[in-house]
Amino acid sequence: MRPLTIQRLFLQCAALAGILFVVVIIALKAGAVEVSLFALGRDLIRVIVHHGGEIKSDYGLIVMNIRLPRILLGIFVGASLAVAGTGFQALLRNPLADPYVLGVSNGAALGAILALLVSPHLALLPAVADLLTPLGAFLGAAATIAAVYFLGRRDGQIDSTTLLLGGVITGSFLAAIIMFLMTSETGSNLRGMAYWLMGNLSTSLQPSVYWILWIGFLLGAGAIYTTASDLNLLLSGEKEAMHLGVDLPRVRLVVYIAASLLTGLAVSVSGSIGYVGLLVPHVMRQIFGSDHRVLLPTAAFGGAIAVVIADTIGRTVVPPAELPVGAMTAFAGAPLFIYLLRRRMV
Amino acid sequence: MQLTKRSRLMDIAGMLLPAVLVVTVPAPRAWAQSLSSAATGAPVQNAATAQSFREVVDETGRTVRIPQPVMRIVSLAPSLTETIYALGLQDRLVGDTDYCDYPPEAQKKQKVGGAINPSLEEITHLRPDVVLVTRHLNTLDTVHSLDALGIPSYATDPRNVDEIGASSKRLADVLGAPEAGAAVAEDLQHRLDVLRQKIGALPPRRVLFVVWTDPLISIGKDTFIADALRRAGAVSIIDSKQDWPQVNLEEVAHLQPEVLVFADSHSETTLQHFEVLATRPAWRTLNAVRDRNFVVISEAVNRPAPRIVTAIEELARKLHPEAFVEKPASDKVSGNTISNAECLCAR
Amino acid sequence: MVARPTAMGALRLPGEASRANTELRLSVEQVSYAYSPNPTQAPLFTLEATSFQARAGEIVAILGPNASGKSTLLKLIAGTLEPLSGRVRLNGFETHTLTARTRAQRIAMVQQESQLLFPARAWEFVLQGRHPHARALRFESATDIAVARNALAQVGAAELSDRWMAELSGGEKQRVILARALAQQPLLLLLDEPTLHLDIAAQVDLLHGLRHLAVENRYTVVVVTHELNLAGEYADQVVLIQRGKCLRVGPPGVVYQRELLEQIFQTPLSVELGPSGRPRVNVVADRESR
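Chains as they are written, first to last, in this note's numbering: chain C, 1 to 346; chain Y, 347 to 693; chain F, 694 to 983.
Honestly, the hints are just simulated from the structure, not real lab data.
Each hint should be verified, as a subset may be incorrect.
Using C-beta positions, here's what the derived DEER-type ranges look like [what the hints assert, rightly or not]:
#1 F:D855 / C:L151: 41 to 47 Å
#2 F:L953 / C:L253: 46 to 52 Å
#3 C:D247 / F:I838: 20 to 26 Å
#4 C:I19 / Y:T625: 31 to 37 Å
#5 C:L219 / Y:D503: 52 to 58 Å
#6 F:S744 / C:A176: 56 to 62 Å
Facing chain F, a subset of chain C residues (Cβ under 7 Å, in silico) [as the list claims (entries may be wrong)]:
#7 S184
#8 S236
#9 R250
Looking from chain F toward chain C, a few residues come up when the C-beta cut is under 8 Å (computed) [claimed, not checked]:
#10 M802
#11 Q805
#12 I838
We put the beta carbon where it would ideally sit given N, CA and C, even for glycine.
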């Protein structure tokens, strides 16, 4: 009998954090421009100590303004998708659930497309106009969350099967609208849209957006974590969980909203990056077990590591072009999934 | 369990529907049969209808038999529509795509749908003598479908600016208007020669041609757009074999292009968009963004049609303004110092 | 008999002195239940007014043919359904009004099977029974671990502790599931047709074990079953239900009357006294010999 203790949890998270740190360093080093990390670190310290002034070197600018934000975005997106995927797999009691199964990503995509169509016609401040696409995506996601929630209720409460059905139908419906818009839009818009839908981290964002993302992540992941023990019980069955004292309606609502929020935020800024939300929970379950008190934080780290690695490979393998990170995760994810399936680990 | 009347009716309808479809669908095919029997099965000189044909090889290597004279043309690409107008053959154009918007009169023509998935029914309905397609936009699927319907299609495939002229000339030949084709090709060549005289000796400016910003997409070195840039005295900093590569912003920051080139017929949109880009820290690593070195040229640069020369000239003027200044005999403006304060975006 | 609510049903800590058998624990008072499949239809009565009482250390068997309303009665006792009329009281508290967590601290429902979505070890499974007593986000304490270990020992499954649930046999799994219920340290233990998938030896094992546990840990056990003889042998009280109506409540010797049983189960039977002094019901094979 080796029950979970807080020390073991801490150690496991620290180990993963260490791996993430190494991955980030490698990602910072990799890229079109040669970077001496030592020199960069020195410049950074100088900037912090002297409170201001900018990093003057070319490479410093590139790293700080392009590479680092992209890596941070990758960490956020990977962690959010992995946590959301874990939550949905528990909520829907379905090992094949991923963050997109309830249609949130299609809602976000539709919102982004509509924002792109609308924005030339609005006279907006440049900084605001730049936020319009992620904002539109997020509103699309929120609307979908609400719609699927109302569809997924039975007798006034969320019912897992009904939720799944409602979400899948809504997702298909939204996908049809997206297809229609894409085929009726002209040339270059179409191409850009296709890349957005494929999922990539190369959108450069305003700094304020990063704050929103991180706060959103802490809120969403934190909320799901409060239900971690309840989710453990849910894995035995819904009735059993109820008989063991789980407040099922509340848990379902919290997990649904939090996981959808995380998905919505991630998709708003990076499109639909696939396989992360589906596979990272399974891999972490193999290594660390099914206890959600460990699984949720380790999945967050695992997702971050996976996305940063995939993105780094994507942007260094065919310079000057880059492969979208969504393509990289699919490329690695599909064989991995088949492997897990064959070994009956799914 | 009792079958209600309604469910019984539905059953019957369900059984009849396939029968109805089987009976009606062959009708268009029957029509196509009559067309193809005129186009393929018959000998070259059909005694009954005195229809003559001409066998040509199009730019993708296909051999096509086109009825002569060509009186009814359907164009499946905006560039081909423009070329037809440039050749003066617009009276014979009976249909074009939803996106054929230049010249404005082209919008009044009968529409057959998009370039990628046109309506075969509409095309068939127009009874064209030939359908014009181009490899860089239309799909093989469309061509095969037209073949199956017995409708001849002629494909162009100009890969660079020179080939645009040659392709237009060849097209004019096929359509039975060789003099118009020669005139257009000559005009094109002349203007390009003039341009080369003016700026040929000047060092080309390093530019980034921006197709899309989120994510950043540019053009490959083998595209006709890249060639157009070269004729305008510019060179694309992106050296990629893909036609529409998604480019890493870091790479661009490393290469530091002098000027960003956008193609947009409505320059106000691009102006607004550029202001938005200028607020992003990532984009501000580009000198061209900080110093506002960008130009907006006509969308004609995206179409391999004769009008591309206009866009090339426009770009050349903006990138090498000193070469177009009317200089008095005594004065000489030195080649390539352009002050950064000059906003190249003004039209 | 007047039901007197006792003081707040506290957790029984090990070592607490056991009171005499007169303590009334469970009081089911005229509970009934009906539901409408859809809003336009008249409600179906699944259970009409039923009453019985049980003390600590007693085993109550709810008996009846299929679809007689037995499971409904169990759910009403468990507090997961709200009775249309009447009340279910556990140590004075109406089970339906308690929160899920408080209910789980006092009532343990033993399922027949366990649909585990992902693999788990037996000790993990049993530890889940401590959930109602743990605060959110708290990790298991030494007490929790001790209780879980003890529960496994009590059902004779201590050596199964490290095994994967999926690898256990039917009987072994049943024991672990029971251990999880015991880990809840409940006052009331509910079982819905626990003997369905077990062979005769396992059936006897289970009931025997339940009786032992009931006496030792002073549980009140309510078992839904249609096994006449097992109930007759081990139950202190039997509640006979047919088509939603409670026909008789009382000890097996009183309740097992031939005519009544034949009417309920619609088949010729004979009742005799077994070696243990408990009634034994026999099926009459030859229907003509009457």
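So, going through the hints one by one against the coordinates:
no.: 1; hint: F:D855 / C:L151: 41 to 47 Å; result: holds, 44 Å
no.: 2; hint: F:L953 / C:L253: 46 to 52 Å; result: holds, 49 Å
no.: 3; hint: C:D247 / F:I838: 20 to 26 Å; result: holds, 25 Å
no.: 4; hint: C:I19 / Y:T625: 31 to 37 Å; result: holds, 35 Å
no.: 5; hint: C:L219 / Y:D503: 52 to 58 Å; result: holds, 55 Å
no.: 6; hint: F:S744 / C:A176: 56 to 62 Å; result: holds, 58 Å
no.: 7; hint: S184; result: violated, 43 Å
no.: 8; hint: S236; result: holds, 6 Å
no.: 9; hint: R250; result: violated, 9 Å
no.: 10; hint: M802; result: holds, 4 Å
no.: 11; hint: Q805; result: violated, 11 Å
no.: 12; hint: I838; result: holds, 6 Å
Checked against the numbered hints given earlier, this structure breaks hints 7, 9 and 11; the rest are met.
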